[in-house]
Structures are given as structure tokens and as C-alpha cells.
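Undergrad: Sequence:
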Amino acid sequence: MWLFGRDPVRDFGFEMGAAEPDPEPNGVWKRLRGHRKADGQPVTVFVHTLGTGDPTGTARARCALRRFRTLRHPNILGYLDSLETEQCLYLVTEAVTPLRCHLRDAGGALSEEEVAWGLQQLLTALAFLSRSGLVHGAVGLDAVFVDPGGEWKLGGLEQVGGGGQEPAPRPPNEPPRPQDPPELSGGGNGSGEPWAGDMWRLGCLIWELFNGPLPRASALRNFGKVPRPLLAPFSQLVAADPSTRPSPEQLLELGGRPGAFLSSAIATTARGLEQLQVAKALDPPEYQRRIVPVIVRLFASPDRALRMRLLQQLEDYIEFLPEATVSSQIFPHVARGFLDTNAAIREQTVKSLPLLAPRLPEAQRGRELPPLLCRLQGDALGPLRCNATLCLGRVAPLLPPTVRQRVLAPALARATRDPFPPTRAAAVAAFAATHRCFTAAECAGRVLPTLCPLTLDPDRTVREQAFRAIRSFLEHLEAAAESGGGTEGASPGVVAPPEATAGGPGGLGAAVSWAVTSLTARLMGGTEGGSPPGPPLDTPAETPTETSAETPVETPTAPPQEPPSEPTPPNDFDCWDDDWGSLEDVEQPQSPPPSTKDKAELGGSQPDSPPPTAAPPRDPPSAQDEEWGTSTEWGTEDAWEALPSPRGPTPDPSRRQREQQRRREMEARRAERRGGARGPPKLGTRKLD
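So in the UniProt record's numbering the end of the sequence shown lands on 689, straight run, no missing numbers.
Don't read these hints as lab results, they were simulated from the structure. One or more hints might be untrue.
[Said to hold, decoys possible] Quick list of the computed label-pair ranges, beta carbon to beta carbon:
#	residue 1	residue 2	range
1	Pro-401	Ser-327	19 to 29 Å
2	Met-16	Arg-468	28 to 38 Å
3	Arg-216	Glu-253	31 to 41 Å
Every value quoted in this text rests on a predicted model; they were computed, and no experiment measured them. Glycine included, every Cβ here is placed at the ideal spot set by N, Cα and C.
Kindly produce the complete structure, drawing on both the sequences and the hints.
TA: Now the structure itself:
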């Protein structure tokens, strides 16, 4: 059955790449680079191999996966997805780098402000766990990660315990580590609070950030390069008595005081940005006086981490900024982010542009936005080119018409040829979203020729979006074509009346419209533009020899031509007795053939040959006809008399006399046959009376 199985990794929404080189690899997880298949967003994939004979490691990996799924906090490593197969366990998170690798890339030393900001984020995450009744149990360099924006994220949730669940067991042969609190090995002076062990490990982390790897626990007595503002809280964190260690909430409060280690410019600004929603309750004049000047000064700062934070929270305060301030004091600093060497800054800058563009003057939008976005469309990173294309589609309605007509179509057409599939899909989506920005001529001459080749794109998503966009543009063109067939200036989808276009350029369209209407009426049996409605179903159709209800034509020179129809089988009831004379070898008197006038009045038929299009009447024979030999046999003669419509003329008396004479002749013939047959009897000559 394995032949019919599908590889779940192939259907996974994330593509896994090469493994990351770790100086001290984690014993539980192997870290891989990856990206999301839908949009190319970079991610980090943690892989644990199953079935390696390490049940403890598998239990820890499952514990971490369970915690990542249920714990969501801005300062905890963001969970995206997971997958379990028979061979491996996959955990997908936001793109991050371990703090140990980040420290190595920085040359082994970080600035005091960066450390203060990172410690503030770690304390916030630990305070969240403490309020939830959880204990991390593994705070250290391997449990902290740094995202592209410089923010620290708490990970390493393999040892998280509490909340009614026991932590995952530690490996039985794992040697004691210097970062373990003394009470864990029985050397402490008490147990203390549940979070006391996490605070000890946080003190060890601070020591390693400034002095390198911790060789042994006794090395904590030597402060080394720990900054002076951190000495007091560091001493409390590594106290031998766990009951004297401060909680995360207490350390956040003490560190935020003036002159304390968390009172640096970056940490203070980050706390202020997180609390900007408090300023929403201020009156507009007070907000302009207190908050706006601070935001302007922060945008002027060259610090990248601060710029990233400002752009990430731009949606929370952009509505309170005056347009003049955004145009002259904020946007010039934001525009420099398009040229920044940091990809995260460039990405966040292009994401913030749809929020800033509506607050810029139209002239500034047309002058500055297209060059910035077109330049970013040539970026070396595919996700940035994709975001730039999407941003161009969002701000296109805000551009001046002349600039939009000159820039939009070529820029999106260039994106359709991008080697990165999400960028091509973004170009198609931008075309579809901005279809109202193109004239009918541009749709037919520039847009559709660009989109049609994408229907054969190797990527399925691009093909599907291309077909949807083409249908949308075709509907737009159909509406424009209908509008163009009427009066000049008619709105799309509205067809002008024929009176408005008689004798004008739209006359041909009006004539075609009338022709189609007439043909439809004829096919559907309507009366408009055609013949009057036919008779009811129970009345045979009238012969077309009558041109008016008042002046009938008695002697037509030729039988009327009727439309071809199915041949009607001969009616056995009209002349059922005509062939008996041929079976009996008896000479019958021949009656004179009726004249042409009689044929016309009798519906153009002779007694021995029924008309091809006439049908037998639906009325049953009258009750007074008791035998087959009567003159009104099945009422067929009366039926032929009833062929003219009720609107036709009343037959004259001479016509009635001729009919009576004919009936008498037929009765005489029948009487001779009943008198007996001459000569020997023949097969089939006896007739039932």
C-alpha cells in the first residue's frame, strides 16, 4: 500500500533548506532555514528525528511542540505550523537566530542599550509565564532567539512545567551545568518561589553576555565586565537564598526607574511605543503638543531597532499625525529605509507605505513613490520584490492620473517576468485590483497581452490568478464595448436606446439589436416583428390563401408553399372505403372530378387523397352516427369544412348543394357493394357490417 501513499512533507506549506551552522548544536532540535511556499516569507524550521533510541529527547520535543501551540505572546518565539511524520517532527517558527549565534556575529560583545532592551523583553515573557503558573526551566543562551528586527524572543520550551502538567524529564545521564540553581542539587538554603530557578538562570545569562561562557558557578562572584547599572539586580538574581531573588514583575519595576539599567533610551522608547494606546484618550490639541513631537524625534533617530519598532506600530498612531507633519518631517526619514542595507528595515518600510501615502500631497505621491517602489522591484530578495509589487497595486489609486498611466502598467508588466513565483502572482493580483485604473484601450492593448502568457506559467497559483484576472478584464471590456455601441459618453454596461443613435455611428449596433430581437421572437413564438399568433391548439391552422378577413381569394393559381414539416401519415379514417372497389372486380360509376374551385373550397384535397398537413379533428363523432356507412363518417368531411379560421367567410348555398350531391353518390356506391359481389370471392373481400 505504500505505493499509493503521499509524502506529507511534499504537501507541507513550507519549503525546508539547508541546516544552520550552530556552534553548540541543541541535542533535541536541528535548525534549518526555510520559507513559506505561498509568499516566500523566510521561516526557521526545527527538526527532531524520531526513532533514534532517545525517548527522553522525543518527550522533550513533544512537550515543546505542545507549549508552542498554546503559548502566544509577543516576546515568545512565534509558532507558525508543525508536522509529524514517521521519521521526523517538524516545528516551524518565525525566522530567528539563536542568541549565541547573534553574540558570535557581533564579535562577542553587545551594546549595553541592546542588552537592556533584550532583558526587558525576556523579563516580560517570564512575567507572562509566572502569571500563567508556568516555569520555563531552561533560560539561557540556547533558549533565547533574535528576530531580524533585533527583538529577543524566548524559546526553548522543552522544560516548561506547571499549569497542572509536569515538565518533560531531563536526560538521565546529563551532567550538572553551571547554570543550574544551587537548590536543584541540594546546595541551596531553601526552595523559594517556583520562578526562583528561572531568575537564577537569567543572572547567569547576564554574566555570559558580557564575560563569555560560564565555566563554573563560583565564577559568578566575579562580576567581570557586567555594567555598573546591572550590578545590583545581578547580585540579587544570583543570590544563594532563592527567597531573596526578585520576581520578573519586581525586576521590571525596579529596572524602569530613572538611572536604573532598563532606563536606557531604547528600552524607554520601546515601553512608550507599547503604551501609545493610552495617548488615544488625549484631546487632539494635547496629543499634538505632547505625543507628536516625541514621535518626530524618534523617527529622526538613526537607531535601526527603534525605526523597526516605529514602523511596526505605525498603524496605531498614524491617524493622529497631521498631514503636514507626515509630509515634511516623517516621510523623508521613512524613505531612507528603502535604501537601507538591512532587509528587515526595507521590508517594514514598504509595508508601511500604504499607511503613509494617503497623508501625503498628491504631487509628492506622484513624484516620490513610483521611483522608490520601482527601485525596490529590482531588489536581490524575492520577497521584497513581491511586497513592492503588492504595495504598488495598493497605492496606485492614490497616484495622479498622468503618473499612473505612465508607470503602473510597465511596472506590473515587469513584475510578471520576475523569476520569483510569488512576485508574478502579486503582479497579477495588482493588475486585477487596479482594473479601474486602466482605460478600455489599455486593457485590450497592454494588460491582456501581458496576462495571457501567464496562463501557461509553471506555477499553478500564478496560472489560476491569471485566468481570474483575464475574466475580470474581459468583463470590463464587454461593458465598455456595450457602452461604445451607444451614445458617446454612456456609462459602461448601459446600452443607449436606438433613438439616440439613429443615423449615427451606433446605427449599426441598433440595427443588429433589432434583428436579433426579431429572430428571437420568431424562434420563441413571439408576436413582435412577426406574424400574428396562431390559432389555439384545438383548432387546425388556417391555410395561407387568405390575405384578409374581408376579401377571400376563391381560386388560387397555385397551391400555397408551406414550410417543410414532418410527413404526416395518411389518415385511415378519411378514405377507408376508397380501396374496396379495387379489391372487388366491379365496375363503379365514376363521378366527375371536382373543379379547381371545389378543391380550393375543400381545402385543396380530393376525397381519395387527404391533405398532407391536415390532422384529424379532436372532437369525437356525434352521437347520431350509429353505423360506419353514414355520411358523416368519423366527422372527417365536417372537419375539412372547418379548416378556415373563424374569421373566414361563410360558405355559399351552392357549395352546400355540391356536398350533399357528393354524399348521395357515396351512399349509392356503398349500397351497390352491400348487394353482393360478382364473380368468385377473393381474399379479403368480405367486409364486416
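Undergrad: For every hint, state whether the structure bears it out.
TA: A quick look at each hint next to the structure:
no., hint, verdict
1, Pro-401 x Ser-327: 19 to 29 Å, "holds (21 Å)"
2, Met-16 x Arg-468: 28 to 38 Å, "holds (30 Å)"
3, Arg-216 x Glu-253: 31 to 41 Å, "holds (32 Å)"
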